[in-house]
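Visitor: One letter stands for each residue in the lines below.
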Amino acid sequence: MKKKNRSSKNKTETIKGLLFLTPNILGFLVFIVIPIFFGIYISFTNYNGFNKMDFVNFDNYIKLFKDTFFITAFKNNIFYTVTSVPLTIIASLLLAIALNRALKFGGFFKTVYFFPSITSMVAIGIVWSMIFNPTKGPINMLLSSLGVDDLPKWLSSSKTALFTIVLIVVWKNAGYYMVMFLAGLKSIPKELYEAADIDGANGIRKFWSITMPMLSPTTFMVTILCIISSFQVFDIINITTKGGPGQSTKVIAYRIYEESIKNLRFGYGAAMSFALFLIIFIVTLIQFRGQKKWVNY
Amino acid sequence: MLYPFAWMVSASLKYDKDIFIYPMKWLPKSIDSVLYNYKTIFTKISYGLFYLNTTKLTLIITFIQVLTSSLAAYSFSRMQYKWRDKIFLLYLATLMVPWHAIMIPQFVIIKSMGLYDNHLSLILLQSFSAFGVFLLRQYMLSIPKELDEAARIDGCGHLRIYWQIIMPLSKPGIATLIILTFNSVWNDYMAPMLYLESKSNLTVQLGLSYFKTQYSMQYGLTMAATVCSIIPIIIVYIFAQKYIIDGIAHSGLKG
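Residue numbers (this note's numbering), protein chains in the order written: chain S, 1 to 297; chain F, 298 to 552.
These are calculated hints, taken from the structure and not from any lab test. In this text, a Cβ means the ideal position worked out from N, Cα and C, and glycines have one as well. Treat the hints with care, since some could be wrong.
Each computed BS3-like pair below joins lysine-lysine, with the alpha-carbon atoms no more than 27 Å apart [to be verified]:
(1) S/LYS136 x F/LYS314
(2) F/LYS379 x S/LYS11
(3) F/LYS509 x F/LYS353
Distance windows between CB atoms, simulated [to be verified]:
(4) S/SER187 x F/PHE536: 38 to 46 Å
(5) S/LEU278 x F/LEU332: 31 to 39 Å
(6) S/ALA201 x F/CYS453: 54 to 62 Å
Construct the complete structure from the given sequences, taking the supplied hints into account.
Guide: Next comes the structure, spelled out in structure tokens:
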């Protein structure tokens, strides 16, 4: 009697638990989980959004290695990643260290530096492309008044466009990661620095021997988040350059958008997005493997 | 750091011919140019309608997000049943999938449901994030179990415990979720660009980007429109920056 009671109680608890989940899980299954599997399926077909949906094996994936546009986009993305990630980390770490020391206006500067990271890429892209305007923009006006003859063309030249975008994104995101570094800095025990003072360590020594090792879990997390987001960059490019001039700012996410939404090659586009997912996954996995060498918990 | 914003506000107050003067003058010569810029964007380009659309989307999505995520988070953190942890693991796993991996299939599904160029498409796609469930579950786990046990002895059912005990105690977590959702919906560009087409449906960000292509030579107007698109974010930021910054410092996740 007692046993039966308990099992029926478990059953009602399961039903109640699932009922609480229902409103969310329905949407979650239909609009997130099913699309993931559907996407994998599409990537093996030649689906174009209308009638055609034949199975084509690995054709789409093989095509990736021959698609010169994709290879260019891949190279551009690697350039974007290896420049934007270190620059963002250095900028946000320096900001965090400076703010951690500033007592009087620390809160105010934190508010100010964080602000760009919550404004939209559209607004930021529009404002910066005016500031970087090669003929009239305030930056080149300043440079020319300083006597620079060979003014950089920023977003309008295929040589400098991608790096200009890197600068804009670093400016936008530094405050976001600064907040994480600040939380990390706050958790370092003060006693460590006091002990180092007694031993006569100078500021640089303290930074490399205490701050950096103690901060390494935060640095690790920031690095991972930065790299992941660097492989997904899209908005700023669509606002400022649309992949140009030429192919110079075409990154992987832009190439996916172009092929699938504009050219309606859904199958090939899906294959590219899963290739990108695989790249991100492998890079993250390598970092988790390598963390033992430099991250202290 | 703030220079671009200052420059933007200053440019939005001036006529085009005065914007690029060097050395720069921060204030306009007269009030006429201010009135002209800000009046034009609301009369000529129905910017007010874009505002209304975005506000509507933001409110609905934030409401559904908070309601369904908090129910699910309650289920994951307060109830004991068989498949609970496996289902939660599924939620966590999807957090790692980047948006463009599901962009195409989502697009195909929405089109086949006939929701293209309909606000429902964005509402359905953005109301059910694993992130919201994860954030609120973490928060609810920190509320002591004794509270709901005491309530259960007094004869309270789950719905009442959820509504009268757990929800009030999760206020800071819910506030963080509200703000982050508001912010991401308001600033979203990619999804509206994919799903909305007719002019009467556009959101502020989308309107702004079309504005940029159409009136690219009218700098003062473009800057006035940009200023208007940022104002709601500034207001929310002033009142709720604690929740935004705490949420990021502790979760390390972007919405």
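Visitor: Sort out whether F/LYS314 lies within 27 Å of S/LYS136, counting only the CA atoms.
Guide: Measuring from Cα to Cα gives roughly 11 Å; hence the hint holds.
Visitor: Does the structure keep F/LYS379 and S/LYS11 at a Cα separation of 27 Å or less?
Guide: holds (9 Å)
Visitor: Quick one: are S/SER187 and F/PHE536 within 38 to 46 Å, going by C-beta?
Guide: violated (27 Å)
Visitor: Does the Cβ pair S/ALA201, F/CYS453 satisfy 54 to 62 Å?
Guide: holds (58 Å)
Visitor: Does the Cβ distance between S/LEU278 and F/LEU332 fall inside 31 to 39 Å?
Guide: Check failed, 55 Å falls outside 31 to 39 Å.
Visitor: F/LYS509 and F/LYS353: Cα distance at most 27 Å?
Guide: The hint holds at about 23 Å.
When held up to the earlier numbered hints, the structure conflicts with 4 and 5 and fits the remainder.
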